[in-house]
Amino acid sequence: MTDLTWGLWELLLKGVWVTVQLTFFSALLGAGVAFVVGVARTHRLRVVRVLSGAYMEIFRGTSALVLMFWMFFVLPVALGWQLLPMWSAVLALGLSYGAYGSEIVRGSLAAVAPAQQEAGIALSFSPWQRLTKIVLPQAWPEMIPPANNLLIELLKGTALVSIMGVADTAFGAMLVRNATGESAPVYTIILVMYFVLAFVLTRGMRVLERHAKAGIGQAPPEKSLGVRRRVNVPRQAEAPRDVPSAGGAS
Amino acid sequence: MSTDSSTSKETRNPAVDGTELIEFKDVTKRFGNNVVLDNLCFNVDSGKHVTLIGPSGSGKTTILRLLMTLVKPEEGTIKVAGDYLTHEQRDGKLVPASERHSREVRKNIGMVFQQFNLFPNMRVLRNITEAPVHVLGLPKDEAEQRARELLELVGLTEHIDKYPSQLSGGQQQRVAIARALAMRPQVLLLDEVTSALDPELVAGVLDVLRDIAHTTDITMLCVTHEMNFARDISDDVLMFDAGRVIESGSPEKIFSDPEHERTREFLSAVL
Amino acid sequence: MKWDWSAVSDFMPRLLDGVLVTLQALVLGSLIAFALGLVWAMAQRSNLKVISWPVMVITEFIRNTPLLVQLFFLYYVLPEWNVTFSALVTGVIGLGLHYSTYTAEVYRAGIDGVPVGQWEACTALSLPRTRTWSAVILPQAIRRVVPALGNYVIAMLKDSPMLMTIGALEMLGQARQFSAETFQPTEPVTVIGIVFILIAYPASLLMRALERRLVH
Chain V
1 MTDLTWGLWE LLLKGVWVTV QLTFFSALLG AGVAFVVGVA RTHRLRVVRV
51 LSGAYMEIFR GTSALVLMFW MFFVLPVALG WQLLPMWSAV LALGLSYGAY
101 GSEIVRGSLA AVAPAQQEAG IALSFSPWQR LTKIVLPQAW PEMIPPANNL
151 LIELLKGTAL VSIMGVADTA FGAMLVRNAT GESAPVYTII LVMYFVLAFV
201 LTRGMRVLER HAKAGIGQAP PEKSLGVRRR VNVPRQAEAP RDVPSAGGAS
Chain S
1 MSTDSSTSKE TRNPAVDGTE LIEFKDVTKR FGNNVVLDNL CFNVDSGKHV
51 TLIGPSGSGK TTILRLLMTL VKPEEGTIKV AGDYLTHEQR DGKLVPASER
101 HSREVRKNIG MVFQQFNLFP NMRVLRNITE APVHVLGLPK DEAEQRAREL
151 LELVGLTEHI DKYPSQLSGG QQQRVAIARA LAMRPQVLLL DEVTSALDPE
201 LVAGVLDVLR DIAHTTDITM LCVTHEMNFA RDISDDVLMF DAGRVIESGS
251 PEKIFSDPEH ERTREFLSAV L
Chain A
1 MKWDWSAVSD FMPRLLDGVL VTLQALVLGS LIAFALGLVW AMAQRSNLKV
51 ISWPVMVITE FIRNTPLLVQ LFFLYYVLPE WNVTFSALVT GVIGLGLHYS
101 TYTAEVYRAG IDGVPVGQWE ACTALSLPRT RTWSAVILPQ AIRRVVPALG
151 NYVIAMLKDS PMLMTIGALE MLGQARQFSA ETFQPTEPVT VIGIVFILIA
201 YPASLLMRAL ERRLVH
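Chains as they are written, first to last, in this note's numbering: chain V, 1 to 250; chain S, 1 to 271; chain A, 1 to 216.
The shape of chain V in the complex, shown without the other chains (with noise of 0.2 Å):
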């Protein structure tokens, strides 16, 4: 790592802090997808379950890198015009990973106990009040743990873009390994550099979890180290699921 430049980090840094923002916009369009894909596949019409679920299972279905060769080089031909290279990365990384966040979403909704939406009933509120005022609020804390998850990978698919051109952490080591010769320093820099921001992420929700839960008067979780992931495998009776269906993405 001696003959890295300072210009040649620069370049690495650049790359992280797009590597950066595409995580953000990516997880805020994904989250935006996966809960009205979620809560739409709990509606009570039938034709609004089934077209959520064929968009998961499409989404879901197909490689996100198959998905963004499409959005870069099929798309435009059949628009007619182009999105800037990185809003269309954001678009399929959103529009994929809200896929798999839907399934959380879906979950965890299903998750609150039915008799919360029957007190919900003999109350008289609407079932969007039900939906807004009683089950999103005591299932959001539920989301947090998987969501992680899901934003960890969705991170780790964010390099993904650099295949395309887009000058992020990933595409930086490349071209400092172009201009040093060298691939063992600056692989591992940026190795480095991808599991740093897993764990600021990881330590992120991990508060937000606590003050989730502390909002509607549960324990918080358990403290535990690092970037540790939960796996919500249950124990005995059930199998696991959804954790790796959510997990290795892409």
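Treat each hint with caution, since some may be false.
[To be verified] Going by beta-carbon spacing under 10 Å, a handful of chain A positions derived as facing chain V:
no., residue
1, K2
2, W5
3, V8
4, A43
5, L68
6, Y75
7, L172
8, R176
9, E187
[As the list claims (entries may be wrong)] Below, a list of computed lysine to aspartate or glutamate pairs in the EDC-like style, where the Cα atoms sit at most 16 Å apart:
no., chain 1, residue 1, chain 2, residue 2
10, S, K107, V, E142
11, S, K25, S, D83
12, S, K72, V, E118
The set of hints was computed from the structure by calculation and includes no laboratory data. Glycine is no exception: its CB is placed at the ideal position from the N, C-alpha and C atoms.
With chain V fixed as given, assemble chains S and A onto it according to the hints.
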């Protein structure tokens, strides 16, 4: 109690006083092949306290859940305060009710559940004020004022800022009673409200309900296994078996001189 | 959008080649992931901190960093250390290594799910440690984690196009090469997108069915 006179019908139609407030007509409810209610007919007059007794699985709780539209009848009609609950009249014909229509009629009805079902994400005060503010459109001050009065009634004033998880089962159930009363229902449905409680907490909840029964003119429909409580508060007792009312009458009569063999068997088993 | 069926039929032979490479990578990668993951999981349970800690750090690191960068690392750095593999072999190692850190978590959860009483019974019967694992604990644990492992195979399938970047001609690599030669990206990219869904969707339905079956 000043709060209680307003509990039932300050805002309601006085014309229904002393008349049929709840009317079940030929109601049949099945779950699969299992007939839970079989052509059931019965009425509850306004202001009366009616207790439903009978072995479990005899359909008592289903009646409360039908009134709350948590389940729908296969046949028959239910009227509440003169309005169809699960149907509405359109062009002179009875059609299944829209969600909106059911909700309008349902506003007359409050329910207290066996498992309390308080909202864990809201503090006690907000549990009580949420529906009055957002369903009835009451101003927040007024709803809070009323919530405080109700909390006083159920003896929980000092717990106003706690979350449900910080309360005992008995306290939670008393909050749930206050929450139901805050909607000023004409009818209060009580679904085995003490069954989930530790024995030492039962008395506190029943005392509150006795108090409400004796000092207000709210109509009560009550499913319970607490026979002494039923005797204390009821005007009428309906004995259920296999989806039918097999015997009904005043508590004195049902508890001391039942006519039906099944009633005798049941009472000797629970008393 | 103009859709050219002749481009689709021209692409078919290459698609077939690509599918074969993808499946090769998937099968071999899965085998590595299944085996190595079990090693990680058991090492993490070791009473010796010198074993459990480094393994935990390594697996956390691999799982929390991008597979793509790991592939570059293997592809560019290994030759600098005079270790040379073909693109496909490098890709298989990368996929297998990356996903072994996920399967390790699955095994760990599966092992944790075996009731304590089972361990106690083994102690009471004086079963040797290897028998305890091989005859009692693992058979119970693995049965429950099969669907989870299967779901990671599907995830791996969807990550396999990354192998293109180091020059392995799996499906996306073939599609890219084809569009570079014919200037027709629409058909090949769309076709392989559909092929992915055609493989992944039934597979995930199968896993869901397995989950329901094995849970009860």
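A quick look at each hint next to the structure:
no., hint, result
1, K2, "holds (8 Å)"
2, W5, "violated (16 Å)"
3, V8, "violated (13 Å)"
4, A43, "violated (15 Å)"
5, L68, "holds (4 Å)"
6, Y75, "holds (9 Å)"
7, L172, "holds (6 Å)"
8, R176, "holds (7 Å)"
9, E187, "holds (9 Å)"
10, K107/S <-> E142/V, "violated (32 Å)"
11, K25/S <-> D83/S, "holds (13 Å)"
12, K72/S <-> E118/V, "holds (14 Å)"
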